[in-house]
Amino acid sequence: MATSEVVSVGARPVVLGARRLVVGYHGKGILPPIDLEIRRGENWVVVGRNGSGKSTLLKTLLRLLPPVDGELIRPSGVEVSYVAQRHHVEPTVPMRGVDLVAMGRDQDWSFLNPFRTPDSYADVLEALRRAGCESFAMKRFDAMSGGQQQKIMLAQAIVSKPDVMILDEPTAAMDVVAERATLDVLGQLRQDLDTAVMLVTHRVSTGLRQADRACYVDLETQSIVIGAPDDVLRSPSFQRQFGDHVNCDPGHEDHHAH
Amino acid sequence: MPTEALDAPTFQQLIDAWDLFRDPIIVSACAGGVLGYLGVFVVLRRMVFAAMALAQAAGCGVALAFFLEIHAGLPKGLANPRAWSLGLTLLATLALQWPGKKVITREGLLALVYLVGGGGALLIGTRISQEAHDIQAILFGTAVVVSETDVHLVLGFGALIMVWQLWWQRGFLFASLDHECAQVRGLPVALLDAALLLMFAVYVSLATRALGALPVFAFSVLPAMAAVAVCSSPRLAFAVAATLGVVAGAGGYVMAFFYQFPVGASQTILAAAFVVVALAVRGVMFVVQQVLPATSTEAQPQPAQGP
Chain A
1 MATSEVVSVG ARPVVLGARR LVVGYHGKGI LPPIDLEIRR GENWVVVGRN
51 GSGKSTLLKT LLRLLPPVDG ELIRPSGVEV SYVAQRHHVE PTVPMRGVDL
101 VAMGRDQDWS FLNPFRTPDS YADVLEALRR AGCESFAMKR FDAMSGGQQQ
151 KIMLAQAIVS KPDVMILDEP TAAMDVVAER ATLDVLGQLR QDLDTAVMLV
201 THRVSTGLRQ ADRACYVDLE TQSIVIGAPD DVLRSPSFQR QFGDHVNCDP
251 GHEDHHAH
Chain B
1001 MPTEALDAPT FQQLIDAWDL FRDPIIVSAC AGGVLGYLGV FVVLRRMVFA
1051 AMALAQAAGC GVALAFFLEI HAGLPKGLAN PRAWSLGLTL LATLALQWPG
1101 KKVITREGLL ALVYLVGGGG ALLIGTRISQ EAHDIQAILF GTAVVVSETD
1151 VHLVLGFGAL IMVWQLWWQR GFLFASLDHE CAQVRGLPVA LLDAALLLMF
1201 AVYVSLATRA LGALPVFAFS VLPAMAAVAV CSSPRLAFAV AATLGVVAGA
1251 GGYVMAFFYQ FPVGASQTIL AAAFVVVALA VRGVMFVVQQ VLPATSTEAQ
1301 PQPAQGP
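As you go down the protein sequences, you meet chains A and B in turn. Quick note on our numbering: the first sequence kicks off at 1 and runs consecutively. Quick note on our numbering: the second sequence kicks off at 1001 and runs consecutively.
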């Protein structure tokens, strides 16, 4: 049965949302309609098994895919940034990490004013510091490890001081220490800049306890559950899939929603 | 042998016949520079084989124009080789954008366009023996002289494309480096992609008519490969690729004069030599970095001013 359960509503300004949004491909929806409101400073975690439709939902929210039906809400002036699961930057790109991060400030590009607004580089240095990239920022991108490249992409997403940041499995290739450090960066960002964060993961333990809101997506049972993490964990849809065997305690690293 | 030494072309002969060589050298240098610059996008977007396929399609268009004029009786005005070259290149560009990737893969499409272009040109070439030399010149770049119209078109469109490139460079670069992030940041990625492909297709068709498919493909790929291997910023890579393209175009022509090589092959080999040198430099840089611990990576990061 197709279900979409919405549990509670906050009170802060909405930075990104959806009303009766149907996501899918070629005009065919793959999940039931979804209603959600991401509010300033909120911490969202989207969980689900591989192939459950998480990335389709995320890409639709980012306008990388057109919605099949329903409405996307994005108030004007809201700055959105995105960290992909795997960056799409050509590995041999002749760029240092610091230059790639500086590119993240590019916004409001227009045909008549296509040049970057002159800025100080203080924001670039700040983003590098926040993401922990200072020590390797001057290296060529292709000389960095996969983890370092991912941190550079995180810094690139931070540099524009976004209102909402969406991350697609950014910690999938990280060990538990690096994952914890990345989650700390995101937590600090929310605290300092009131940025809303939406973290998409198939690893149920990742950040779920720290999340304000959770969204469970299941293509197989055609269900979407949205609410406080505990409510989502206890929801019938989630319980049907995982039972009581999920441990979201900090440091518990091995709960994959395979 | 003494007689061979006497027969070898001299620098004085090149100077004396400068009026004859000036236009092809200028066109080669201009095409090399513009395609070298655009080639950075070709390499970063992994479009190398697209460049090759488009150059073949352009060559096929020229051959088709000759065929239609000679055998189909098309008036000279309608059988303009430049127009047919441009038309087929744009058609090939559209074919490469075919959305049905599940029916035919991108690699399959590239192969199809390349083979139809190359095979078609050779096939048509057998039916127009009176123009066989021209067809050979177009496909393999043995053209020694270029027409005044070609000079104007290659220089004019070259200047236009460079102005457009420099104006929208930031958008073209971001859209080429990270398609999805650029789209999320609000860049009109589809339009930027279309503009980039259009200017590449137009210039490939013009340059192919003037110089031949082989050197055009070489200029579109090799200078950029060399630049990307040794440069640490895109701005520098664009400048180095354009410079190497200019040197490969003009230098290859001069080399062909002195050593009596086919022009297109000479330009291609010179451009390939730049890649070999660049890879060697990159290897030395790597060894130096391994031997001397990089103090620069611990320095305060300083971004380049713009891309």
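One should not assume that every hint holds.
To be verified - Derived list of chain A stretches under chain B, where covered just means 3 residues or more per stretch with a C-beta under 8 Å from a C-beta of chain B: (1) 21-27; (2) 52-64; (3) 174-180.
To be verified - One-sided and incomplete, this derived list gives chain A residues near chain B with beta-carbon spacing under 10 Å: (4) A11; (5) P13; (6) E90; (7) M103; (8) S160; (9) F242.
Treat the hints as calculated values from the structure; they're not laboratory data. Only a predicted model underlies this, so the values are computations on that prediction, with no experimental measurement involved. Yeah, the Cβ is synthetic: ideal placement off N, Cα and C, and Gly gets one too.
- Would you pick out the hints that fail for this structure and give their numbers low to high? 1, 3, 4, 5 and 9
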